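**Q** Chains as they are written, first to last, in our numbering: chain A, 24 to 167; chain B, 115 to 444; chain C, -3 to 407; chain D, 8 to 181.
Please note: incorrect hints may appear among the correct ones.
Using 30 Å as the maximum straight-line C-alpha spacing, the simulated DSS-like pairs for lysine-lysine come out as follows [as the list claims (entries may be wrong)]:
| hint | chain 1 | residue 1 | chain 2 | residue 2 |
| --- | --- | --- | --- | --- |
| 1 | C | 129 | A | 153 |
| 2 | D | 18 | C | 301 |
| 3 | C | 291 | C | 327 |
| 4 | D | 104 | D | 38 |
| 5 | D | 18 | C | 300 |
| 6 | C | 241 | D | 161 |
| 7 | D | 161 | D | 109 |
Hints were generated in silico from the structure; no laboratory data involved.
Computed from a predicted structure; not experimentally measured.
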Amino acid sequence: MKLSSFKRALWVFHVASGSCNGCDIEIVAALTPRYDVERFGIRLVGTPRHADVLLVTGPVTRPMAERLRRVYEQTPDPKAVVVVGGCGSTSGVFYESYNVVGPVDEIIPVDVYVPGCPPRPEAIIDGVVKAVAKLEKLEAGETV
Amino acid sequence: MSVLNALWQAILVLFGGTFLALVYKGIDRKLAAQMQGRIGPPIRQPFLDVGKLLVKETVVPRTAVRWAFNLMPFLALIAAGTVLLYLPIGPFRPVLSGYGDVIVVLYLLAVPAVAMALGGFASGSPFGVVGAQRELVMLMSYEFPLAVVVVALAWRVAGLGVGPAFSLATLAANPLWAQVGPLGVLGLVLLFLVLLVVTPAELSKIPFDIPEAETEIAGGLMVEYSGVNLALFYLADALKTVAMAALVVALFIPYGIAAPLGISGVGGQILDLAFFLVKVFCVMFAAVTTVRVAFARLKVDQIARGFWIPLTAVAAAGLLLLVLDKAVVG
Amino acid sequence: MGELAKAFEIPIGPVHPALKEPIRFTFRVEGERIVGVDIKPGFAHRGIEFMGLHRNLVQVLYLAERICGICSISHPVALVQAVENAAGIEVPPRAQYIRVIVAELERIHSHLLWAGVAAHELGFDTLLHLTWKVRERVLDILEELTGNRVNYAIPIYGGVRRDITPEQYPRVQEMIRYYRGLFEELCDRFLNDASVEARTRDVGVLEPDEAEALCAVGPTARASGLRKDVRQDWPYLVYGDLGIKAITPEDYGTEPRGDVYDRIVVRLLEVAQSIDIIERCLEEMPEGEITFIPKIPALLAQLKKAEGEGIGRHEAPRGEVIHYVRLEAGKEEPVVWKVKAPTYSNLMSWYPMFEDQEIADIPIVAASIDPCMCCMDRVHLVRGGREELVWKEELLKLSREKTRKMALGNG
Amino acid sequence: MRAQEVLAALKEALGDGFRDGEIRTRTVGVKSPQTIEEVWGRIDRGVLLPAVRALKDLGPLHISIISGADVGEEIELLYHFAVGFGTEGGEVMVTLKLTIPKSDPVVPSLCEVLPGAETTEREKIEFLGVRFEGIPDSRHLFLPEDMEVHPWRKDEPELAGLVKRKVKWEERDG
């Protein structure tokens, strides 16, 4: 079995774990004509069962933590997790709150961080591509 | 025709058909993207998608009925593939022409839909179940006008007395356009239009993609499928698209261009085959690609109402015109 | 199928972006018909007000900006007004105009975003793509004027942080011409399309008396025919000078029916209105200072001395935003900070809207209040009875092993 | 409608129940400045419903939000109304302040007069531990149903335990 087809056929599922929507609209913007990720074979799908890459946005709120874990479980292997945005990567401005338990990497393993508040669509696409590169390295037997 | 020969042909048609189906799907996606102002994926994208799905883990949810959940994708693919074997491919007679007729094709076309519905029920997810209910309502809606179209054509061909009326090979070999009078031509036009409207519904494409409406029920039927199972449904969908388009071609535009151009032999066959592929593409482009780009998704009750009353009425009118024409022409 | 269908509860959610509006809907359905709905927000509740009470006011401003990525100027505009009212700070005229310009640019981007999302909810992706293509233009201008596509960081207490330079004027004017030229076509695409009309006419109806009783705000209320608009009713910044009128479907020449179609009408007309406002602001904007106190440490010192309470309101793209702030002398942080986002008020309007609709209408009705892509990519399933927790370390280990195994071809 | 009328109506309806009534004015606008008037006042919980009815008689009534604060032994609630919402230039913001003891945090619900107040009242239940008499639905809205802590109260010892102070990388750097 080869992972080479991953390179050009990535299905992405987007989970918002308490984000402010800034990153989310940039993810959608990446789909639309100016950026058009479909030309790289990247597609946004409606269920984690179909996904190869999870795009997670937002600091993880208390009720979303368990849900995020469940979505991660539901995603079939092999899979990669890309965190989009500063608050998912480091908690950002949302520190010292009773309802924020993030950042994302405290809940599920993360492969790629895309910083920015919000990151530009180009950066998000780059993050997804880096996630694939990581999967490929695994294929080659390298430790990442 | 020997069994071995038929087997060879079947394998050729199935593999060729699958290849073609994926190429058409790629072209469809590319063109749709272009119409939406995007660049779109490369044409080989469906191959990459299928290849990737085959590598992915295949998850069976704990709440699912395991055997049914795993069986249905195979059933859908086999049924969609079998339809191809009953269809005349350009200059060639259907591989299974001796073994069934157009009614079998109608049944087989319904099988992938039923398989998807059962798979949706078996997945145990509420979205899957809603999707399955919708698929069945759709099935009930579009089968009737479809049946009227096919029966009308077969009845008229039977009147010609040129062979077994319900055989697709006969239907394809005897295009009706030249055999009927002006009333009949009008009737045929109506039936052709009905078939073109039924095509996207049969294929669950926008505006009729309600069983898997992504924004409503998150992929519906497919919501729990992953990996190989999903790949099989993906292939079944692609195959069914080609099969449906080929059926439209066989019923209404079975003409070749080799004979009028005076080319015969292998060259003529190749030319006719190529022309057939172009026709299939044109039908697909008209009935699937442009339609799905130009419309919003309809609601299930809007579709059911639209198909049961106005569309069936148009189909019946087409049938009636053919009958009148027969009475006039004799 | 009847018995089977009766038992169904369809959970949709849980994330609905805005301040506190990530939402889980639980619909009780019979076949395709909705017989009951329960709404549970709170999944993206980050406790922003709580955090705000422990930070200095400039930090609070950054928090307010991140309440919502789509209204990322509406909340700061309301907050700075509340603080300015509490502390008695005067805002230079030019700064007021710049705030209005950026707020109206945001309205254009937000309404176009909403229109595209609404099209997507209807399964009309072509319209989504074309609308968002058009929307990129206003984002370019926002980036040009503020330095970022989202989260602009423009308002500061007593003014704005960036001026609009003379070279930028023609670019903004060019954008105005671009949208003017496109407006007819945009309206035609949305309002004269048979399939859009079939899916939105008489769907998700909110009667005017219901809208009033349930305190609906913004385009949701205006589509029901109520001329409610904070810019018109309670002038602030320079909106009083501009003579803004609330827009209802009557301005399009149709009787308001309060359905989803009317909400499209109102939002599209507001795009045109915002374009006019921006054009006028560019013409009328006086020269001058853009801040009351330019240095942030000096500003903080001033705010630390301030004592008082104030309200700031703003008509965000989705409706009324209100911030209440109370300051005490000697404290850097606000003593009380209360935020209200528009969807907060519109939440209750969902109940009558969903009544007796179909499953197919859920996304468009839900989206008709709040221009977020809630259902689009975040509808997932709540699986009852599978509560087992896998701890992170174990999960990490298992998944790495499995991925590696599959990657190496042994899976 | 002028703020004066609103103030007079409140005084007439509530009598001594309405205290510290004042009109705060500001000027807005650059080219044609306008004066904005806000009504502020303090009431007892006993006259809350009569006060809201009196406001409703003046025109379309909109509740913007109920703000709240923990002020030691008492909880202060601020009801922000827009009287005459939707009448051009005729809208007056009215803020009614109300203090209730923590030992008996009960206020009548507005839902029967103004159904739209339900959201904001439910929010006060979970954030401040206020009880609303006659609210149709008193479940938690934003916080999980099993969360007993009221985050805006200052006397919640358990709250500190829920607050996450640092993220991992900060500890590492330190």
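**Q** Now look at each hint and say whether the structure bears it out.
**A** Here is how each hint holds up against the structure:
Between residue 129 of chain C and residue 153 of chain A the alpha-carbon distance is near 26 Å, which keeps this suggested pair within the 30 Å criterion. Note on residue 18 of chain D and residue 301 of chain C: the hinted pairing is violated, with a Cα-Cα distance of about 34 Å set against a maximum of 30 Å. About 19 Å separates the Cα atoms of residue 291 of chain C and residue 327 of chain C, which keeps this hinted pair within 30 Å; it holds. Proposed proximity of residue 104 of chain D and residue 38 of chain D is contradicted: the alpha carbons are some 35 Å apart, above 30 Å.
At roughly 35 Å between alpha-carbon atoms, residue 18 of chain D and residue 300 of chain C are farther apart than 30 Å, so this suggested pair is violated. In summary, the hint linking residue 241 of chain C to residue 161 of chain D is not supported, as the alpha carbons are separated by about 44 Å, beyond the 30 Å threshold. At roughly 11 Å between alpha-carbon atoms, residue 161 of chain D and residue 109 of chain D fall within 30 Å of each other, so this suggested pair holds.
When each numbered hint is compared with the structure, violations occur for hints 2, 4, 5 and 6.
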